[in-house]
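Engineer: So the sequences go chain by chain: A and B.
Numbering-wise (our numbering), the first sequence opens with residue 1 and increments by one.
Numbering-wise (our numbering), the second sequence opens with residue 1001 and increments by one.
A portion of the hints provided could be inaccurate.
In silico DMTMM-like pairs for lysine to aspartate or glutamate, Cα to Cα no more than 25 Å straight-line [claimed, not checked]:
#	chain 1	residue 1	chain 2	residue 2
1	B	1338	B	1317
2	B	1032	B	1005
3	A	336	B	1188
4	B	1324	B	1048
5	A	336	B	1031
6	A	153	B	1135
7	B	1273	B	1238
8	A	51	B	1135
9	B	1008	A	92
10	B	1286	B	1272
11	B	1247	A	333
12	A	153	B	1048
13	B	1200	B	1211
Rather than coming from a laboratory, the hints here were simulated on the basis of the structure.
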Amino acid sequence: MNYLYFLYIEFLAKHQIPQIFGDITFYCIPITIIFIALLVVVLALVLVERKMLGWFTQRKGPNRVGFWGILQTVADAFKLLCKENITPNAVDRFLFNLAPVIMFTPALVVLGLIPYSAEFTFANFETNSLIYIVFAVLPVMSILIGGWASNNKYSLMGTMRNISQVLAYELPMAFSLLGVITLASSMNLGKITLAQNSANGILGWFWLPCIIGFAVMFISILAELNRCPFDLPEAESELICGYNTEYSGMRFALFYLGEYSLLFANALFLSVLFLGGYLSPFGRYLSTMLFAGQFGEILLYFEQAFWLILKSFFIIFVIIWIRAVFPRMASFDLLKFSWTFLLPVSILNLFLMVILKFITGGVYA
Amino acid sequence: MTNIETLKLNLGPQHPSTHGVLRLILELEGEKIISCKPDVGYLHRGMEKIAEKLTYIQYLPMVDRIDYLAGFFYSELLCENIEKALEIELSERVKAIRVLMLELNRIASHLLWIGAFLMDLGAVSPFFYTFRERELVLKYFEKVTGQRMMNNYFVFGGVRRDIFDLGDVKDFLKILKNKIKDYERIIDRNPIFKQRTIGKGILEPDIAFNDSITGVNLRASGVNLDFRTKHCLYKDYEFNPVVLNGKDSFSRYRARVLELTLSASIIEQTIEKLEQNGELKQTLIKPLGLKLPEGEYYSEIEAPRGLAGCYIKSTVEERPYRLKWRTGSYYAVNLLRKLLKGVYLNDAIAIAGSLDIILPEVDK
């Protein structure tokens, strides 16, 4: 961050703009980048998911709007914006309108905690990862508010399912995070990434020593995101659409946007914890190899972000793959699975990590 | 102890899984169903009353719509009744053609059910896979009869025209056999699918008998009752009805998959017969001014969703005095009262789906 900062100030000084202006605007740049990138990524994600589901099911997926269907989600978003915002009579108007906004905010917050490249973390606290966990659960508040305010029986049932599900899967998630924290000796996501930097490349990343934790975390994230096979809160064959049954138009779009940005954020989180974050899988970075000097160093930021996003897209691909293959779980099996299997396993994983740390000491510093 | 408030929930008619035609009035305690009251009639078209106003040949194109997924079976029933009344013997080739079409229709119907059932359970892909194979059957129907679903192919005394391109059917059977293995790989071995179907929706044979359940649902409860074994069309065919002892949703699913293979083997036998006797000999009944002798006629057949029957009372007029249909799904809907009691909502959809209820057949 410092390096970019000096570059920026230098650039402004050349054009005789006072430094105070640079100090203020410098921090707006990453926010804007993140926001725009998020919108683009979400639009792309929806398209990618529909395309891939199409391929899994012997279809072509959307292919009418734009070349290769590339503008399909843009068209969908535009349609949603143009649609009438229906507010049913018996809803609690204030809460009904509030819920979609709350859904989207935490997704933005958590994206600021991710280290996209070595010096590019928007909010770099020492306890980054814990804050992530806290904020990543907040959307359940919005679901609770929206489901309750909708005054619809299906919404209410979807909400109840969602809350019990998030409660059940939050703990295994936190315990497997603790395993990683033990290995990395840090709660900072940037330092966790750096702890995975070793000569072994891919084998040095935490997915290998922490494979149980990786699996537990992956399953818990599926449940937190209401993704198949844990998509009970919005099981369309039972609950119509779950908590957002009554929502339409822009409000529905916000829920949708929130869901997909959380999917993206959680995939990023997972790749930071277990897949080496922004580290290159080859051990060396292409940009510093090919371009010497300043240009290569600037390019390095983008390359690191590229690796991180590539890894997260791999995780998203697996999530979509699972959706194409698995049916939905039964609600009580789902809770049983978490409390009686995932939670003990994740605690066991934590013990294993402590032992591993104790034995190897130096390797995972 | 305080009173526990229950939640009354109208599952349908405006609901994605009942798509406008069935209403289940559920009483819920949390997500547990205390009572279930099916409310049918949203798709009632007055099929039986209309019959009293139409001549037999005018009514014939309508009967395909009683069960749009198994139309051949219902036109077969009507034709059979009239052939019985006028005492007409069908030639071997006509019989073979009818069996071929009926069994292909059964395969198409079961394939659709497999997809829809998995869709009810929340799996999206199998729906498309089974539709892909069903498409081949419908393409063949279109080739021979000119229609994909409402075929109107059987007529009184025979079929509308001879069959051709049996190679298509052979190719289809080959594909189907491979694909059934694929289904087994993606569905049967799926742990979540097993968890959601094994031991769910237990249907005891005596309850099934008392509620007049027939067809695959009954056979999956361990009762060997297949009306094909008694039917005149199937006299010369060798087959063993699929009987499973599981009583649950899983065995109902398995039974349908096994029936695909069974139907395929019957079709193979018909193809042999069709290739042996080449010419179509049939004496079609002149439909204009057709009057049945006075009396009551009844015919029944094993349709994909259980026993289907057609009753006609004739008073020597051009129109039937009374016509009544017996369909399998009607009794299956009633069974929901018993099967859904005490289960949780998301099992309820799976159990209701496993019974293969088709609402046009219920409402008629």
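Engineer: State for each hint whether it applies.
Structural biologist: Going down the list of hints, with the structure as the test:
A hinted pair counts as satisfied when its Cα atoms are at most 25 Å apart, and residue 1338 of chain B with residue 1317 of chain B does not qualify at roughly 43 Å. For a cut-off of 25 Å, the pair hint linking residue 1032 of chain B to residue 1005 of chain B stands: about 12 Å separates their Cα positions. About 22 Å separates the Cα atoms of residue 336 of chain A and residue 1188 of chain B, which keeps this hinted pair within 25 Å; it holds. Using a Cα cut-off of 25 Å, the hinted pair residue 1324 of chain B and residue 1048 of chain B holds, with the two alpha carbons roughly 6 Å apart.
With a CA separation close to 16 Å, the supplied pair residue 336 of chain A and residue 1031 of chain B stays within the 25 Å bound. Our distance criterion of 25 Å between C-alpha atoms is broken by residue 153 of chain A and residue 1135 of chain B, whose separation comes to about 38 Å. Restraint check for residue 1273 of chain B and residue 1238 of chain B: satisfied, since their Cα atoms lie roughly 13 Å apart, inside the 25 Å limit. Among the hinted pairs, residue 51 of chain A with residue 1135 of chain B is consistent with the structure: their alpha-carbon atoms are about 22 Å apart, no more than 25 Å.
For the given pair, residue 1008 of chain B sits about 21 Å from residue 92 of chain A by alpha-carbon distance, which is consistent with the 25 Å threshold. Proposed proximity of residue 1286 of chain B and residue 1272 of chain B is contradicted: the alpha carbons are some 31 Å apart, above 25 Å. At most 25 Å may separate the alpha-carbon atoms for a hinted pair to count; residue 1247 of chain B and residue 333 of chain A meet this at roughly 21 Å. Between residue 153 of chain A and residue 1048 of chain B, the direct Cα distance comes to roughly 38 Å. Violation of the 25 Å bound is thereby established for this hinted pair.
Only pairs whose Cα atoms come within 25 Å are accepted, and residue 1200 of chain B paired with residue 1211 of chain B is accepted, the gap being roughly 19 Å.
In terms of the numbered hints stated before, the structure departs from hints 1, 6, 10, 12, listed from lowest to highest.
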